[in-house]
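On the provided structure of chain F, position chain A with the ligands as indicated by the hints.
First to last, the sequence lines map onto chains F and A.
Under this note's numbering, read the first sequence as residues 2 to 260, first letter to last.
Under this note's numbering, read the second sequence as residues 82 to 926, first letter to last.
Treat the hints as calculated values from the structure; they're not laboratory data.
The beta carbon of each residue, even a glycine, is placed where N, CA and C say it ideally should be.
Please note: incorrect hints may appear among the correct ones.
In the PhoX-like style, the derived pairs of lysine-lysine whose C-alpha atoms are separated by at most 25 Å in a straight line are [what the hints assert, rightly or not]:
(1) Lys-137/F to Lys-540/A
(2) Lys-233/A to Lys-179/A
(3) Lys-916/A to Lys-93/F
(4) Lys-597/A to Lys-647/A
(5) Lys-678/A to Lys-697/A
What the simulated footprint calls covered on chain F by chain A, stretch by stretch (three residues with Cβ under 8 Å from a Cβ of chain A suffice, anywhere in the stretch; the number is not a length) [said to hold, decoys possible]:
(6) 65 to 72
(7) 91 to 98
(8) 122 to 131
Computed spacing ranges between beta-carbons, pair by pair [said to hold, decoys possible]:
(9) Gly-130/F to Tyr-338/A: 46 to 56 Å
(10) Arg-259/F to Asn-918/A: 25 to 35 Å
(11) Asn-918/A to Thr-258/F: 29 to 39 Å
(12) Glu-824/A to Glu-240/F: 40 to 50 Å
(13) Ser-35/F to Glu-824/A: 29 to 39 Å
(14) Thr-207/F to Ile-558/A: 43 to 53 Å
(15) Arg-365/A to Val-36/F: 24 to 34 Å
(16) Trp-529/A to Ser-158/F: 38 to 48 Å
(17) Arg-365/A to Thr-207/F: 43 to 53 Å
(18) Gly-130/F to Lys-594/A: 54 to 64 Å
(19) Pro-503/A to Pro-114/F: 13 to 23 Å
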Amino acid sequence: MSTQLSADGVNTVTSASAVQVHGLRKTYSSGSTSVEALKGIDLTIDRGEFVAVMGPSGSGKSTLMHILGALESFDDGDVEIGGLSLSGLDDKAATVLRRDSIGFIFQFFNLLPTMTAEENVMLPSLIAGERAGVLKERADELLELVGLTDRAEHLPSQLSGGEQQRVSVARSLMRDPELLLADEPTGNLDTRTGSAVLDMLRDVQTKAGHTIMMVTHDAVAASRASRVVFLRDGLIAGEVPGGDPNRIIEFFAELETRN
Amino acid sequence: MIRSLAWRSVRARKGRAFLNAAGIVLGVALFFSVLSLSKTIVSTFDELFSSVYGDTDLIISGNEGVGTVEESVLDKVRSTKGVEETQSVVFAIMSLVKDDEVGGSQADQVFTNGVAPDSPELSGAEIVAGEDTLDGNQVQLDEGWANSNGLKPGDKAKFATPTGVHEFTVSAIFKIGKGLDFGGSGFGVINQDLARELFDSPTGFTEIDVALAPGADLETVRSELEKILPEGVEAKTPNDVADDINAQIQGFNIILYFFAAMSLFVGGFLILNSFNMTVAQRLREIGMLRTLGASRKIVRRMILVEALLLGIIGSLLGIVVGLLLTQLMVSLVASIGFPVGAVSYAPEAFIIAPILGVSATVFGALRPAIRASRIPPIQAVLTEHRAEPLKLKRRLTVGTVLVALGLAGVFTLASATSFPTPILLAGAFGVVFLFSGVIMIGPVIVPWLVRGESWPLRKTTQIEGRMAADNARANPIRTASTASGLMIGIALVAAIGSLGSSFIGSISDDLDKELKNDFTVQPKGFGQGGPTPTISAAAIGQIKDLPGAKDATGTRFLFLTSGYGKNYSAWSLDPSNYAEFANSEFVDADADEVFAKLAEGQVTVPEALAEGKKTKVGDTITLEGPRGSKKLTVAGIQTGSSFAAQSITMSDETWMSVYGIDGFTQILVLADDPDNPGPLEDQLRALVAAEYPTFEVLSNEEIKQQIQDQINQVFAIFYVIMLVAIIVSLLGVINTLLMNVFERTREIGVLRAIGSSRWQVRRIIIAESLLLTLAGAILGLLVGMALGYAFVKGIAASGQEVAFHPPIPAIVLVAILSVIFGVIAALLPARRAAKMNVIEAVSYE
Ligand SMILES: Nc1ncnc2c1ncn2[C@@H]1O[C@H](COP(=O)(O)OP(=O)(O)OP(=O)(O)O)[C@@H](O)[C@H]1O
Ligand SMILES: [Mg+2]
Numbered sequence: 002m003s004t005q006l007s008a009d010g011v012n013t014v015t016s017a018s019a020v021q022v023h024g025l026r027k028t029y030s031s032g033s034t035s036v037e038a039l040k041g042i043d044l045t046i047d048r049g050e051f052v053a054v055m056g057p058s059g060s061g062k063s064t065l066m067h068i069l070g071a072l073e074s075f076d077d078g079d080v081e082i083g084g085l086s087l088s089g090l091d092d093k094a095a096t097v098l099r100r101d102s103i104g105f106i107f108q109f110f111n112l113l114p115t116m117t118a119e120e121n122v123m124l125p126s127l128i129a130g131e132r133a134g135v136l137k138e139r140a141d142e143l144l145e146l147v148g149l150t151d152r153a154e155h156l157p158s159q160l161s162g163g164e165q166q167r168v169s170v171a172r173s174l175m176r177d178p179e180l181l182l183a184d185e186p187t188g189n190l191d192t193r194t195g196s197a198v199l200d201m202l203r204d205v206q207t208k209a210g211h212t213i214m215m216v217t218h219d220a221v222a223a224s225r226a227s228r229v230v231f232l233r234d235g236l237i238a239g240e241v242p243g244g245d246p247n248r249i250i251e252f253f254a255e256l257e258t259r260n
Numbered sequence: 082m083i084r085s086l087a088w089r090s091v092r093a094r095k096g097r098a099f100l101n102a103a104g105i106v107l108g109v110a111l112f113f114s115v116l117s118l119s120k121t122i123v124s125t126f127d128e129l130f131s132s133v134y135g136d137t138d139l140i141i142s143g144n145e146g147v148g149t150v151e152e153s154v155l156d157k158v159r160s161t162k163g164v165e166e167t168q169s170v171v172f173a174i175m176s177l178v179k180d181d182e183v184g185g186s187q188a189d190q191v192f193t194n195g196v197a198p199d200s201p202e203l204s205g206a207e208i209v210a211g212e213d214t215l216d217g218n219q220v221q222l223d224e225g226w227a228n229s230n231g232l233k234p235g236d237k238a239k240f241a242t243p244t245g246v247h248e249f250t251v252s253a254i255f256k257i258g259k260g261l262d263f264g265g266s267g268f269g270v271i272n273q274d275l276a277r278e279l280f281d282s283p284t285g286f287t288e289i290d291v292a293l294a295p296g297a298d299l300e301t302v303r304s305e306l307e308k309i310l311p312e313g314v315e316a317k318t319p320n321d322v323a324d325d326i327n328a329q330i331q332g333f334n335i336i337l338y339f340f341a342a343m344s345l346f347v348g349g350f351l352i353l354n355s356f357n358m359t360v361a362q363r364l365r366e367i368g369m370l371r372t373l374g375a376s377r378k379i380v381r382r383m384i385l386v387e388a389l390l391l392g393i394i395g396s397l398l399g400i401v402v403g404l405l406l407t408q409l410m411v412s413l414v415a416s417i418g419f420p421v422g423a424v425s426y427a428p429e430a431f432i433i434a435p436i437l438g439v440s441a442t443v444f445g446a447l448r449p450a451i452r453a454s455r456i457p458p459i460q461a462v463l464t465e466h467r468a469e470p471l472k473l474k475r476r477l478t479v480g481t482v483l484v485a486l487g488l489a490g491v492f493t494l495a496s497a498t499s500f501p502t503p504i505l506l507a508g509a510f511g512v513v514f515l516f517s518g519v520i521m522i523g524p525v526i527v528p529w530l531v532r533g534e535s536w537p538l539r540k541t542t543q544i545e546g547r548m549a550a551d552n553a554r555a556n557p558i559r560t561a562s563t564a565s566g567l568m569i570g571i572a573l574v575a576a577i578g579s580l581g582s583s584f585i586g587s588i589s590d591d592l593d594k595e596l597k598n599d600f601t602v603q604p605k606g607f608g609q610g611g612p613t614p615t616i617s618a619a620a621i622g623q624i625k626d627l628p629g630a631k632d633a634t635g636t637r638f639l640f641l642t643s644g645y646g647k648n649y650s651a652w653s654l655d656p657s658n659y660a661e662f663a664n665s666e667f668v669d670a671d672a673d674e675v676f677a678k679l680a681e682g683q684v685t686v687p688e689a690l691a692e693g694k695k696t697k698v699g700d701t702i703t704l705e706g707p708r709g710s711k712k713l714t715v716a717g718i719q720t721g722s723s724f725a726a727q728s729i730t731m732s733d734e735t736w737m738s739v740y741g742i743d744g745f746t747q748i749l750v751l752a753d754d755p756d757n758p759g760p761l762e763d764q765l766r767a768l769v770a771a772e773y774p775t776f777e778v779l780s781n782e783e784i785k786q787q788i789q790d791q792i793n794q795v796f797a798i799f800y801v802i803m804l805v806a807i808i809v810s811l812l813g814v815i816n817t818l819l820m821n822v823f824e825r826t827r828e829i830g831v832l833r834a835i836g837s838s839r840w841q842v843r844r845i846i847i848a849e850s851l852l853l854t855l856a857g858a859i860l861g862l863l864v865g866m867a868l869g870y871a872f873v874k875g876i877a878a879s880g881q882e883v884a885f886h887p888p889i890p891a892i893v894l895v896a897i898l899s900v901i902f903g904v905i906a907a908l909l910p911a912r913r914a915a916k917m918n919v920i921e922a923v924s925y926e
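If we strip away everything but chain F, and leave its shape as in the complex, we get:
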C-alpha cells in the first residue's frame, strides 16, 4: 500500500488504495444458459496508478470494468472504490458513486451532440446540480489541459475523432474522480491519433496523480500504463510492468498457448 497525494498536495488520504477487489465473481444467466464471466478476481490498484487490462476476447475485461464503474452488479466477493464497498449498492447510491467518484472514457466518445465541447466537459457537474457560472472556469482549464482551448465552442460533429476523445477525457476529469475507467479508448482511432490521446492521458495522469484503469487490445497502448494485468477466462492470469510493448506481446502470446 502506498499513499499518494494529488497534484495540489492538499488532499488527505482516506484509504490506502483506490480500488480493492476480492474474490469477485459474476455470472450472466439468461434462461437455461449461464456464462461465468468472472470466476474470482483479486486486484488492488493504488492511488495514482495507471493499470492496463488485457486479455483475449470474452475474458471478462469489460465485465470487470462495468462492475468497477457501478454499472453492473456482481454475485460474490467484494469491491471497494476509495474505501466504499459496492456490495448491495442500490441504483441511487450507484448513481451518486458514478457521479462523484468515477470518470468514464468510452470507445465511442459518447459526447452529447447538441452540446459544445465546453458544455460536454461541464456536463457531469451540471448533472450534480452545480451552477454553470463557476463550472466554466474549470471546464476551460481542462480543455486547456487536453489542448483544445480553441475548440471550446465547437459541437462534437465539428471535431475529429481524436479531438472528441480529448473532450471526453476532459469530461471524465471534471469532478476529479477517484477512478478513471477507459474501455478501449483508442479502439476507434487510428494509431497515430490514438497514441497522441494516450500520451495526453498519461501526461495528465502523472501531473495530477489520477488513478486509471484502461482496457485495451493494443500492446503499445498498454505499455503506457505502469503495469499490465492479464485476464483469461474470468481469472487474473498474471501481470507485467508497463513500458516495454514487446514484453507485453510475449506474455500475451504465452497466455494464448497456455492450457
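Chain A with the ligands only, in chain F's frame:
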C-alpha cells in the same frame, strides 16, 4: 410476400402499431357513436310518434304544430269523405307537485292532452290498470312515468297547470306502444272541459287527430282536407311530424359529424407522423430490400399494406369501443334534456365508420410510403441519412395561403343566412385548409415556440430543460407534426370556447342595457326548445297585487319553424306599457313611435332576420298561423339580445288573430323600490313555487347565468368529442417521445453512466413532453381563437349581434389540461428511458 413482410413489420413494432391502431380505434369509435347517437335520437322520435299516435292516420294542426286550430274546423273535418273518426285535443304541460317540494324538472312534467271523454281513442294507448273514465278531476297517466312516481289508480296527485295547482285523482294507467319509457317526461289525459279551464284555453284545439274509414286512401283524404282547412293549418301523418323534428335536429347532427370527422383527421395525421418515423427508423432495412432487388413499387406497397392491416384491425376494435362510447354519448345527451330512448345502432355505422377508418389510415400512410420508395439502395450501407432539407420559404408561402383561404371559408359559412351544401362545404374545407396551413408552417415556427417555452425550464433546471429543448428542436418536422396534431383538437376547443364566450359576453352586455324589470317569471329551462308551459292572465293579476310590486306585464313566445320567421320566434307584448319593463332599441327609430304602431297592428322584425330577408320598415310580411294568414306592416327593425329583441314582436291582439294561444310565457315584474327588491322577491318566489311550479322567478343576474349555463351545456358534448381528438393526438406525443428515446438511447445511457439519476432522466422526458404539449396548446389556442374570431365576425356580418370575447375559461382549461396531459404522455417513454440498460446503450454503435 408483401403481406407477410407487412405483417411481420406490424408484429415487430407492436408498441408503435398499438399506438397507431389506438388512434384509429378512437376515431372510428367516435364516428360510430356519433352516427348511432343520431340514429338513437331519430328512432326515439319515430317510436314515440308511432306509439302515441297508434290509430291516428292524420294529424291536423297549425303549421308545424304552431298555435291552435279554430273549433269550427272540427265539424268540417268530420264531414269530409273518408274520415271515420276524429279526436280533438287541448294540450298543455303539467308538472307534478310533490310534498311541498318545488318540482318542475323535466322528469316531473306530464305532456297532457285534454280530450272529450266520449271521443274515440286514437292513440295507441291501452289501459292496463284502473277504469277508463275521465270525469271531473280524473287523470290517466302512462305506465312508465306513473311507476317512477309511485302513482296507482285511485291515488290523488297535485299538478301545476297554467292556472295554478290542481288536485287530480288517477283513474287509469295506460301503456303506449311497447311501453316506451325514455326516463323523462310522462304523458297524461284529462277531460277536455277541465283542460279548457285549467289550461286557460277557452277556444280552439291544439290538434285534431283523424282516423280514416277502412279502405279510404290517405292521399285522397289529405287533399280533400287541404281544400277545407284554413291557411296555416295542415294535415300530416305521424311520420311527417317525426320527420319534421328529425329535420330540426339535422343541423346538430351535421356539427357532430364534423367533429367526429376532425378526430379521424387527427387519427390519420397520427398515422402520417408515425409512419414517417417508422420509415426513418427502417432506412437501412428498406435500403437492404432495394439492394436485394425490391422495386419501388414493392416498397411502397409494403408500407401501404401495413397501413391497411392496421386500419382494418383498428376499425374493427373501433366498432367495439364505439358500442360502449355510444352508451356514454346517449346518456350525456339525455342529461342535457334530449329525449332519448333505448340505444339503437345505425346499420350504416357498421360500414361507414370502418371505411373511413381504413381510408384515414391508408391516406395517412401514403406520403411516408412514397418517401420510403424513394430511399436509394445505397442507404443500406450508409450509416446516416441526410434529413430532407426544410423548404422553409415554400412552407411559409403555401401555409399562409392555406390559412387565409381557410379563414375565408369559415367566414363564408358563418356569415351565411341559409345553408346550402356549397356553403357547408366551404366551412368544412375552410377548417381543413386552416389546419393544413398551420401544419405546413409548423416546422418553421414550432422550434422558436419550443425555444421560448423552454426558457423558464432552462432557467430553473441544470440540464433537464436544456436537454428537453435540444431534443425537441433536433427534429423540427417531427416536433411540429406532433404539436400540430394536438393543435387541431385544442383549436377546435378554443374555437367552440370563443363562440360560447362571445355569445355569452355579448348577450350579457346587451341584457345589461335592455332589462329594466327587476324579476322575470318564466318556465323552468326556458330557451331549451320543445313545448313550453304557459301561465294564465290571472297570475299577472296575482303578482300585481303582491305588496312591493309596482307593475307586471305578460309576454308570449312561440318558436317558428316555417314561413317568413322560420327559426326565429314570435313574441307578443303589451305596447302600452312594455317600455316600462325593457329598453327596446330600433334601427333609426324611436321606441315610443314603434310601440304606437304595434298597437295599431304592425310588427317589428329582429335585425338579423331583416338583413337576411332584406326587409325594411314599411314593408309587409306575411305571418301564417292556425287562425289565418296575416299581412302585417313592419314598424321597426329591432336590435338587442333578449329573447324579445331576437323575435318578431306584436301586440297581444295581433298575436291572438294569428296564433290564438292565450297562455303567457313570461311575466316581467317591476318592484316599487328597485334598490331593495328583497321583500317582493320573497313573496314572488313563494307565490310561483306554490301555484306555478313549472315556472321560476329569476333576477337579471340569474337570467344571464341561465343563458350562460344553457350555452355551456349545449357545448359540453362538443367538448367531449374534442377530448377524444385530443387523446388521439396525445398518442402521437407518446409515439414521438418513444421514438426520441429510442433514437437517443446512447445519449441517455451516457447521462446515466456519468451520474444522472433515473429521476433526472425521467424529468428530461417529462420536460420534453411538456414542451410538445404546450407548443400544441399555444398553437391550438392561437389558431382556435383565429377560427373563433372569423366565425364570430361572420355571424356578426350576418346581422346577429355578437362581438368577439376571448374564451378565458377554455384558455385556462387548455393550459391546465396540457400540463396534465404532458405529464401523462411522458409516463411510458420516461419509464423506458429510466429503465434503459446503460451498458448496452453506451457500448455499441
Ligand atoms: N449481458 C451479458 N449477458 C450474457 N453474457 C454476457 C453479457 N455480457 C458479457 N457476457 C459474457 O461474459 C463473458 C465476458 O464478456 P466481456 O464483455 O467482459 O469480455 P471482454 O473481455 O470485454 O471481451 P472483448 O475483448 O471481446 O470486449 C463473455 O463470454 C460474454 O459473452
Ligand atoms: Mg469488452
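- Keeping to a limit of 25 Å between CA atoms, is the pair of Lys-597/A and Lys-647/A held or broken? violated (29 Å)
- Query: Do the Cβ positions of Thr-207/F and Ile-558/A conform to the proposed distance bound of 43 to 53 Å?
  - Reply: Distance hint for Thr-207/F, Ile-558/A holds at roughly 50 Å.
- Outcome, coverage of the stretch 122 to 131 of chain F by chain A - at least 3 residues whose beta-carbon is closer than 8 Å to one in that chain: holds (count 7)
- Is 46 to 56 Å right for how far apart the beta carbons of Gly-130/F and Tyr-338/A are? Since the Cβ atoms of Gly-130/F and Tyr-338/A sit about 54 Å apart, the hinted range of 46 to 56 Å holds.
- Can you let me know if the beta-carbon spacing of Gly-130/F and Lys-594/A is within 54 to 64 Å? For Gly-130/F and Lys-594/A the Cβ distance comes to about 60 Å; the hint holds.
- Is Lys-233/A within 25 Å of Lys-179/A, Cα to Cα? With a Cα-Cα distance of about 15 Å, the restraint between Lys-233/A and Lys-179/A holds, given a limit of 25 Å.
- Starting from Lys-916/A, check that the Cα of Lys-93/F is at most 25 Å away, please. It holds: about 13 Å lies between the C-alpha atoms, which stays within 25 Å.
- According to a criterion of three or more residues whose C-beta lies within less than 8 Å of a C-beta of chain A, is the stretch 65 to 72 of chain F covered? holds (count 3)
- Query: Is the hinted range of 38 to 48 Å satisfied by the C-beta distance from Trp-529/A to Ser-158/F?
  - Reply: violated (23 Å)
- At the C-beta level, are Arg-365/A and Val-36/F separated by a distance inside 24 to 34 Å? For Val-36/F against Arg-365/A, whose Cβ atoms are near 30 Å apart, the range 24 to 34 Å holds.
- Item | Pro-503/A paired with Pro-114/F, Cβ distance criterion 13 to 23 Å | Between Pro-503/A and Pro-114/F, where Cβ atoms are some 52 Å apart, the hint is violated.
- For the stretch 91 to 98 of chain F, does the count of residues with a C-beta closer than 8 Å to a C-beta of chain A reach 3? holds (count 4)
Violated hints for the displayed structure, listed by number in ascending order: 4, 16, 19.
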